[in-house]
Amino acid sequence: MSIFEYNGSALVAMVGKNCFAIASDRRLGVQLQTIATDFQRIFKIHDKLYIGLSGLATDVQTLYQRLAFRHKLYQLREERDMKPETFASLVSALLYEKRFGPYFCQPVIAGLGDDSVPFICTMDCLGAKELAKDFVVSGTASESLYGACESMYKPNMEPEELFETISQALLSSVDRDCLSGWGGHVFVVTPTQVQERTLKGRMD
Amino acid sequence: MECVFGLVGDGFALIAADTSAVHSILVHKSNEDKVMILDSHKLLGASGEGGDRVQFTEYIQKNVHLYQFRNGIPLTTAATANFTRGELAIALRKNPYFVSILLAGYDKDIGPSLYYIDYIATLHKIEKGAFGYGSYFSLSMMDRHYRSGMSLEEAIDLVDKCIMEIRSRLVVAPPNFVIKIVDKDGAREYGWRESIKDAGVAAA
Numbered sequence: 001m002s003i004f005e006y007n008g009s010a011l012v013a014m015v016g017k018n019c020f021a022i023a024s025d026r027r028l029g030v031q032l033q034t035i036a037t038d039f040q041r042i043f044k045i046h047d048k049l050y051i052g053l054s055g056l057a058t059d060v061q062t063l064y065q066r067l068a069f070r071h072k073l074y075q076l077r078e079e080r081d082m083k084p085e086t087f088a089s090l091v092s093a094l095l096y097e098k099r100f101g102p103y104f105c106q107p108v109i110a111g112l113g114d115d116s117v118p119f120i121c122t123m124d125c126l127g128a129k130e131l132a133k134d135f136v137v138s139g140t141a142s143e144s145l146y147g148a149c150e151s152m153y154k155p156n157m158e159p160e161e162l163f164e165t166i167s168q169a170l171l172s173s174v175d176r177d178c179l180s181g182w183g184g185h186v187f188v189v190t191p192t193q194v195q196e197r198t199l200k201g202r203m204d
Numbered sequence: 001m002e003c004v005f006g007l008v009g010d011g012f013a014l015i016a017a018d019t020s021a022v023h024s025i026l027v028h029k030s031n032e033d034k035v036m037i038l039d040s041h042k043l044l045g046a047s048g049e050g051g052d053r054v055q056f057t058e059y060i061q062k063n064v065h066l067y068q069f070r071n072g073i074p075l076t077t078a079a080t081a082n083f084t085r086g087e088l089a090i091a092l093r094k095n096p097y098f099v100s101i102l103l104a105g106y107d108k109d110i111g112p113s114l115y116y117i118d119y120i121a122t123l124h125k126i127e128k129g130a131f132g133y134g135s136y137f138s139l140s141m142m143d144r145h146y147r148s149g150m151s152l153e154e155a156i157d158l159v160d161k162c163i164m165e166i167r168s169r170l171v172v173a174p175p176n177f178v179i180k181i182v183d184k185d186g187a188r189e190y191g192w193r194e195s196i197k198d199a200g201v202a203a204a
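Residue numbers (full-length UniProt numbering), protein chains in the order written: chain Z, 1 to 204; chain W, 1 to 204.
What the hints contain is simulated information worked out from the structure, not anything from laboratory work.
Be aware that a few hints might be false.
[What the hints assert, rightly or not] Output of the computed footprint for chain Z on chain W, the stretches with three or more beta carbons under 8 angstroms from beta carbons of chain Z:
1. 89 to 96
2. 114 to 120
3. 124 to 133
[Stated by the list, open to error] Think about it this way: if two alpha-carbon atoms lie no more than 30 angstroms apart in a straight line, the pair counts; the simulated DSSO-like pairs of lysine-lysine are:
4. W/K94 to Z/K129
5. Z/K44 to Z/K200
6. Z/K200 to W/K125
7. Z/K98 to W/K125
8. Z/K17 to Z/K129
9. Z/K83 to Z/K129
10. Z/K17 to Z/K133
11. Z/K98 to W/K94
12. W/K184 to W/K108
13. Z/K72 to W/K125
14. Z/K44 to Z/K83
15. W/K94 to Z/K72
16. Z/K133 to Z/K83
17. W/K125 to Z/K44
18. Z/K200 to Z/K154
19. Z/K44 to Z/K154
20. W/K62 to W/K29
The beta-carbon is built from N, C-alpha and C at its ideal position, and this holds for glycine as well.
So here's chain Z without its partners, still in its complex pose (with noise of 0.2 angstroms):
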């Protein structure tokens, strides 16, 4: 079995009108074993900036880590938040640090820009970047999840549509893989509030 299945994972992000959302199943497995079912997948990096990572779980936990530390220094030197697409090009640059010996992750990186306009991209685990106008996949869970967004979403949502929109995205795509569901996790961003959501699908 492939190493990025090992624990199972499924998250994506979707563009909408000076919106953005970003959801993750809940499930930690071991294999065919459920470890857990609130496992948490997408990390806030500042107010108006999410990120998503799918594949082996220690190593989202230690590139969490990681991205963390580095946007606190940022913070520190440069008095500000980071946009979202430098924050990107900084997911990249670790990642590919590690190109002989990688982290086993595919981030999801979603984001609001200073004009609020979305930002939205997904890479690779050795750091190659995808940008997207409309929605990111990623997991093991990854194509129903391109199946399902690609006939669901539209263009410019507003946060309410978005979110059924991509919880409906979520769940039935879920519901296809064995590693991953468990109910699911939502983040709706608008330049003024984030709403965190919990889904209850079908829990196994």
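Please build the complex by placing chain W on the supplied structure of chain Z, with the hints as guidance.
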């Protein structure tokens, strides 16, 4: 065929582990204590390769003591868990320890807690968990009978149910188990569940 499992109850946490030291088909001894008392209010149940288990757990124990000597106050359970994960994560890409750990502790203002740290340094706070082949049986028994805030009698009853299940359904089931608990009065051994007593060494 190692079995380590643990759960959190009302004001206490407990860890049960088998006590067989095995090399291939030979059982060296049946009273090997795999649940280490880290300090006054912490337990560390470890399973994995023999030498790594003893070396790594002793290393953690000595570092926990060192912190208390240097700083005059003991580490919290969460801090110990993160320290242990950090050591495993650093060693992972150099000379990995093949040891999986359940860390149980009692903190005065937080209460009891249980942490799952697997051998590739995945850390998660849990209410019930297990490692080894025995986990296939004990996790299912705990899923069925566990609820939050169990009393000590109910928890020991559940532990006994798990041990019965392991004994009857695991092909090379370990004969003896040790149960240790940690609560506001400290970490201590609760009891043994023996079905084979080691014959004493005859006087020369």
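Q | Given hint Z/K83 paired with Z/K133 - CA-CA distance at most 30 angstroms | A | holds (17 angstroms)
Q: Sort out whether W/K108 lies within 30 angstroms of W/K184, counting only the CA atoms.
A: This hinted pair holds, its Cα atoms lying about 7 angstroms apart.
Q | Given pair status - Z/K129, Z/K17, alpha carbons within 30 angstroms | A | Distance of about 23 angstroms is within 30 angstroms: holds.
Q.
Taking 8 angstroms as the Cβ threshold, is the statement that the region 124 to 133 of chain W is covered by chain Z upheld or broken by the three-residue rule?
A. holds (count 3)
Q. For the pair supplied as a hint, Z/K44 and Z/K83, is the alpha-carbon distance within the 30 angstroms limit?
A. holds (13 angstroms)
Q) Is the straight-line distance between the alpha-carbon of Z/K17 and that of Z/K133 30 angstroms or less? A) Judged against 30 angstroms, a Cα distance of about 12 angstroms means the pair holds.
(Q) Just to be careful, I want the Cα atoms of Z/K44 and Z/K200 compared with a cutoff of 30 angstroms; is the pair within it? (A) Roughly 22 angstroms between the alpha carbons, so the hint for Z/K44 and Z/K200 holds.
Q. How does the coverage statement for the region 89 to 96 of chain W fare against chain Z, requiring three or more residues with Cβ below 8 angstroms from a Cβ of that chain?
A. holds (count 3)
Q. Does Z/K200 pair with Z/K154 here, judged by a C-alpha cut-off of 30 angstroms?
A. holds (24 angstroms)
Q.
Check whether the Cα positions of W/K125 and Z/K44 lie no farther apart than 30 angstroms.
A. OK: W/K125 and Z/K44 at ~19 angstroms, within 30 angstroms.
Q | Pair hint Z/K83 and Z/K129, alpha-carbon separation not exceeding 30 angstroms | A | Judged against 30 angstroms, a Cα distance of about 16 angstroms means the pair holds.
Q: Below or equal to 30 angstroms on CA atoms is what counts here, so check W/K94 against Z/K72.
A: holds (28 angstroms)
Of the hints listed earlier, there is not a single one the structure fails to meet.
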